[in-house]
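Visitor: Spelled out, the chains give:
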Amino acid sequence: KWRGSIYKLLYREIIIFCVTYFILTLLYRCILTEEQKMISMLISAYVHGNDERGRIIRRSLVRYLSLLSVLTFQTLSTAVKKRFPSLDHLEEAGLMTKEERQAYEDIPGSHGKWWVPAQWFTSLVVRARREGRIKDDILLKTLLDELHVYRGNCGMLYSYDWISVPLVYTQVVTLAIYTYFLACVMGRQYLDLSKGYSGHKIDLYVPIFTILQFFFYMGWLKVAESLINPFGDDDDDFELNWCLDRNLVVSTLIVDEMFQRHPLLVKDQYWD
Amino acid sequence: KWRGSIYKLLYREIIIFCVTYFILTLLYRCILTEEQKMISMLISAYVHGNDERGRIIRRSLVRYLSLLSVLTFQTLSTAVKKRFPSLDHLEEAGLMTKEERQAYEDIPGSHGKWWVPAQWFTSLVVRARREGRIKDDILLKTLLDELHVYRGNCGMLYSYDWISVPLVYTQVVTLAIYTYFLACVMGRQYLDLSKGYSGHKIDLYVPIFTILQFFFYMGWLKVAESLINPFGDDDDDFELNWCLDRNLVVSTLIVDEMFQRHPLLVKDQYWD
Amino acid sequence: KWRGSIYKLLYREIIIFCVTYFILTLLYRCILTEEQKMISMLISAYVHGNDERGRIIRRSLVRYLSLLSVLTFQTLSTAVKKRFPSLDHLEEAGLMTKEERQAYEDIPGSHGKWWVPAQWFTSLVVRARREGRIKDDILLKTLLDELHVYRGNCGMLYSYDWISVPLVYTQVVTLAIYTYFLACVMGRQYLDLSKGYSGHKIDLYVPIFTILQFFFYMGWLKVAESLINPFGDDDDDFELNWCLDRNLVVSTLIVDEMFQRHPLLVKDQYWD
Amino acid sequence: KWRGSIYKLLYREIIIFCVTYFILTLLYRCILTEEQKMISMLISAYVHGNDERGRIIRRSLVRYLSLLSVLTFQTLSTAVKKRFPSLDHLEEAGLMTKEERQAYEDIPGSHGKWWVPAQWFTSLVVRARREGRIKDDILLKTLLDELHVYRGNCGMLYSYDWISVPLVYTQVVTLAIYTYFLACVMGRQYLDLSKGYSGHKIDLYVPIFTILQFFFYMGWLKVAESLINPFGDDDDDFELNWCLDRNLVVSTLIVDEMFQRHPLLVKDQYWD
Amino acid sequence: KWRGSIYKLLYREIIIFCVTYFILTLLYRCILTEEQKMISMLISAYVHGNDERGRIIRRSLVRYLSLLSVLTFQTLSTAVKKRFPSLDHLEEAGLMTKEERQAYEDIPGSHGKWWVPAQWFTSLVVRARREGRIKDDILLKTLLDELHVYRGNCGMLYSYDWISVPLVYTQVVTLAIYTYFLACVMGRQYLDLSKGYSGHKIDLYVPIFTILQFFFYMGWLKVAESLINPFGDDDDDFELNWCLDRNLVVSTLIVDEMFQRHPLLVKDQYWD
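Protein chains in written order, with the numbering used here: chain B, 1 to 272; chain W, 1001 to 1272; chain V, 2001 to 2272; chain C, 3001 to 3272; chain S, 4001 to 4272.
Among the hints, a few may not be true.
[Claimed, not checked] Below, a list of computed lysine-lysine pairs in the DSS-like style, where the Cα atoms sit at most 30 Å apart: (1) LYS267(B) x LYS1267(W); (2) LYS98(B) x LYS4267(S); (3) LYS4098(S) x LYS2267(V); (4) LYS1267(W) x LYS2081(V); (5) LYS1135(W) x LYS4135(S); (6) LYS3081(C) x LYS3113(C); (7) LYS3267(C) x LYS2135(V); (8) LYS135(B) x LYS4267(S); (9) LYS4113(S) x LYS81(B); (10) LYS267(B) x LYS1081(W); (11) LYS3267(C) x LYS4135(S); (12) LYS2082(V) x LYS2098(V); (13) LYS2135(V) x LYS4135(S); (14) LYS2267(V) x LYS1267(W); (15) LYS3135(C) x LYS2267(V); (16) LYS135(B) x LYS3135(C); (17) LYS2135(V) x LYS135(B); (18) LYS135(B) x LYS4081(S); (19) LYS113(B) x LYS4267(S); (20) LYS4267(S) x LYS3135(C); (21) LYS4081(S) x LYS3267(C); (22) LYS2113(V) x LYS267(B); (23) LYS2082(V) x LYS1267(W); (24) LYS1098(W) x LYS1081(W); (25) LYS3267(C) x LYS4098(S); (26) LYS3267(C) x LYS4113(S); (27) LYS267(B) x LYS1113(W); (28) LYS3135(C) x LYS1135(W); (29) LYS1113(W) x LYS4267(S); (30) LYS82(B) x LYS98(B); (31) LYS3267(C) x LYS4082(S); (32) LYS1135(W) x LYS2135(V).
FYI, nobody ran anything at the bench for these hints, they're computed from the structure.
Use the sequences and the hints to build the structure in full.
Guide: Put into structure tokens, the structure is as follows:
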């Protein structure tokens, strides 16, 4: 009875936890992607200037966003860490220029500096406002507001990892499940039917239900474990790297090639 | 006892899931509809100019919104896909002009381009601001904010499909229910009453409760399955296509015929 | 055992559902009331002009809000429908002028036009801005934002009715409860005590617990049913009509008699 | 079995209800306090002018906020009602001036007028904007936005009382618990052990578990009842009155003595 | 049966409570940290001026934020209280200047003054606007909005402590658990197997399950207790103090050394 209690409890909790975590994580990635696209559209709308400097500013701004997300995911995902083990690799991949790398290294402290590109973004937007490329203070404010939503999401991911709630959770669950099966091994031995214990009328020489349970729960546990480290699974990580790459490509497309361009305006089919 | 546990669990979960999903989906569609109406009203209020160009701009803006939602639903709903299998059909239906189709095809990549009309919307609004049809930067900002809420909802729908949470869920549920009935077939055979097993005092030659359960659960499963693919059911899809059509008609009505017009102002009945 | 399961399930669900629905509905009505008061205060603050035209504009604006809510509730509540069966009655009640009725009827389509007063509101506010009665574009934007929250709530109510979630829910619940009692009638017959079935040691000639249950559950069902149609109950509807009336009276009071007036400023009691 | 079901249900629900209600209520009071402080800071920042009229305006504005919350709590809390049974008492306590009382009484209707100070606040802020004491329309808008959040919270409290959800809830709970104990009195009589009813092997001459239950549940009920009327308990009410008083004092301090004053700016300890 | 009920209830509740509280608390600290970083970036972007006075203003603003959080945590955390037992220690640590301490002490009242730095922040920002260091009223508004989110979070923490919900909760839980084990000691004595009480077929000379339960529940209780006072644990407190220190260092870095500076703009790797 007692064992059943803890096990029923864990069962439900594991499902709730996994589903929550799974949805949350996947949505998170999408949210970052969607947000980057959105800020790019705003940059494209608000930061005027078709000259070279204008283009550099817009391209740098979206690059800072990508850099910000890569620096955050470096601490979360072993795959991203594997791809960009050092600043050299970020520089080679074109996410940082030489100057930016120098500036990044000049900031005192060796970690917890993932927010630095956000500060560069802020400064560059203020500069663009001062140069008159952004026409109004309210548009400046809008860009910074959106940046801070983006940065806030990165910060949340970073904190989530730092707290390592899932780690504690997995340990508790793992302990509980192993303990439960240990108890099973002792508690579900063959009972001598002739003694007539109540509730043990039918005996099974092969404990098939216990075995089914074993596979079932071990399966859940494995799923749980793999979900708990959502940025560590290989296939997933590949996808995450792909996601980060694509974000930079699409963002640059939006602020550069598609900059304030729209198809020729003609009367539509239902004009009158 | 064990089987009862999983089955009770699934029962409740299936209900919660279905209801949530059902409400969510339907509300979603309504939310898109409501939002499109709202943005149309804002366009009607903020984008001035009674000349032909003004009319074209306003009509193009709301058409981009409809195009955005159709492109999103193409990936979600087989009915929308069936109605608009290619860009040709979108052009024929008047959702895209020739120029727009050309511009859309010029964007590199073959899928994941549903957000392009949002970028056109952005560019066109910026153009309208530069031409002085929008009087203030804060109104420009408002239009783009609303666009991004709309686009964000489309993106969420798109991501939801991409994650295919419901797919995994349905598979787990289906497996569990079939397993359960398999166990029933074995476990609920006639028991020889004369042996006096406890809890089996009364026997039934026809297992009516099991049969009732069977219909009941199969029913739930069918309902669940049809809900899980909310954009695939035929009647529903018809409705969705109708919904998308109506959105375009109402939006165009708002920005064109009803553009900044209101009934003559007269004193009301309770004037003093 | 099986019957107990479904019945325990429904029991809890019915309570959760009812309470949620009840609170939701009542709050909804209050929210609309509160919002209308709030928009009226903003109109009073932002739409200047003590002349007759200023007064007409302000009074028309709040009338449009009342009209919007009445048109929405017409589809939801039989009592509101009973009071205003046609546009004639709205005109007579002073909610619409002759011109507005004409304009409303000129909109193509016979239903789904409840949002039209919102468009009039938008146009009228834009007109007031152009006439300089609203001093700044940000205040124009604020008024339209508030309108769209109000309109959004009306739209949500309208969609809620259209989805008719509660209808499906009530049918399922009703079916389940009647099925349960049918099973009771069969399953709880007198048992011959002398046969010594376990769990049936004491017999009751009158099944008082079943009867109690009967009244109890029938009671819940009735309560549920009346709550499910929250805008159909007579007393309630009377109250709803009263609520709609009062909203118009208070709103007109705020934008007209109390227009930008406050008590004479004097030093308060604790001045130094 | 049946009785156990309802009683387990109520047990859990009562706890959930109480905790929710308790936290909600207390937070509510704090939220009103925090908000009033916050609006006071904004008034201090945005409403310029060191002259006497400037001071009167600022002091009147915060007084209107206090008046608004006192008028709301009058309908909720017997203690506040006891302290301020009439408008005379509000005038004596310095919450209203003679002029304000006159204006308040001139509004038609005898109750449901708690929102009037919000309208005065609105008008006075618009006046301050017209006199140039508020420099920009966006700051005017900010003050009115904050006012409406504050007023909205008051309105929610007012509606909450009007709906009297807790009242219905308490009655249902009370009825259920009394019914349960009545059933206990009948159902748990001494059983003749010699008859060997299953589940009644050990008899108790004194029904200590039933007695324990009795005290336990009666205790919960009392706690529930006192929580359900959170503004009616004497100690609590004293605290609420103290809270309302302190809000006025602190707000006046912020807008008057601390008006746009900050300590002398000097280099901090870590200057270089 | 009865005892099992309360104990199952408590079990689940304790877990839910602990997890909620734990996550909430840790996130809270992160949120304050993230917010302070964000406001610092905004100060860096909006408060112009490279001269000494400009630097002093920016540094003072972020110092006020740190001071605000330290004053709030003083009432919550024994470790922060231990580190800063009096205003002298705050002055020595460089969080307050002599002038600020004087101003703080001049405010009437001895406690509940933690919000004073927020008022200084407000006044100083208004001063910066008047000196033209902040270019637009909308930026002034933005800074104050962010301040009030920050202050609101501090206020929530302060209220949370003041309500002392957890205290009541712990007492109830502790009482219930001890009562439960007392009942166990009496209820689980050795039963004479020869009497053949149902459900007691197998006897245990050493009550190992009860002992296991004992350790298990005592463990949960200890965990719960330590979590309930999340700011009182020594290791944690050390971390909190470290956190507060780092916040000041990073904020000052952002508004001073990194003030409106970004790396040299060059063409990125994918320029064409």
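Visitor: Taken at face value, is the distance from the CA of LYS2267(V) to the CA of LYS4098(S) at most 30 Å?
Guide: violated (36 Å)
Visitor: Holds or violated: are the alpha carbons of LYS1135(W) and LYS4135(S) at most 30 Å from each other?
Guide: holds (21 Å)
Visitor: Is the Cα-Cα distance between LYS135(B) and LYS3135(C) 30 Å or less?
Guide: holds (21 Å)
Visitor: Can you confirm whether the C-alpha distance between LYS135(B) and LYS4081(S) stays at or below 30 Å?
Guide: violated (49 Å)
Visitor: Holds or violated: LYS3135(C) and LYS2267(V), Cα atoms, limit 30 Å.
Guide: Holds. LYS3135(C) to LYS2267(V) sits at ~24 Å (cutoff 30 Å).
Visitor: Between the alpha carbons of LYS1135(W) and LYS2135(V), is the straight-line distance 30 Å or under?
Guide: OK: LYS1135(W) and LYS2135(V) at ~13 Å, within 30 Å.
Visitor: Are the Cα atoms of LYS4267(S) and LYS3135(C) separated by 30 Å or less?
Guide: Outside the cut-off at roughly 43 Å; violated.
Visitor: Is it true that the CA of LYS267(B) sits at most 30 Å from the CA of LYS1113(W)?
Guide: OK: LYS267(B) and LYS1113(W) at ~24 Å, within 30 Å.
Visitor: Does the structure keep LYS135(B) and LYS4267(S) at a Cα separation of 30 Å or less?
Guide: holds (24 Å)
Visitor: Does the structure keep LYS3267(C) and LYS4113(S) at a Cα separation of 30 Å or less?
Guide: Holds. LYS3267(C) to LYS4113(S) sits at ~24 Å (cutoff 30 Å).
Visitor: Taken at face value, is the distance from the CA of LYS3113(C) to the CA of LYS3081(C) at most 30 Å?
Guide: Given pair LYS3081(C), LYS3113(C) holds - Cα atoms ~16 Å apart, limit 30 Å.
Visitor: Hinted pair, alpha-carbon criterion (30 Å max): LYS4081(S), LYS3267(C). Please report holds or violated.
Guide: holds (26 Å)
Hints 1, 3, 7, 9, 14, 18 and 20 from the list above are not met by this structure, while the remaining hints are.
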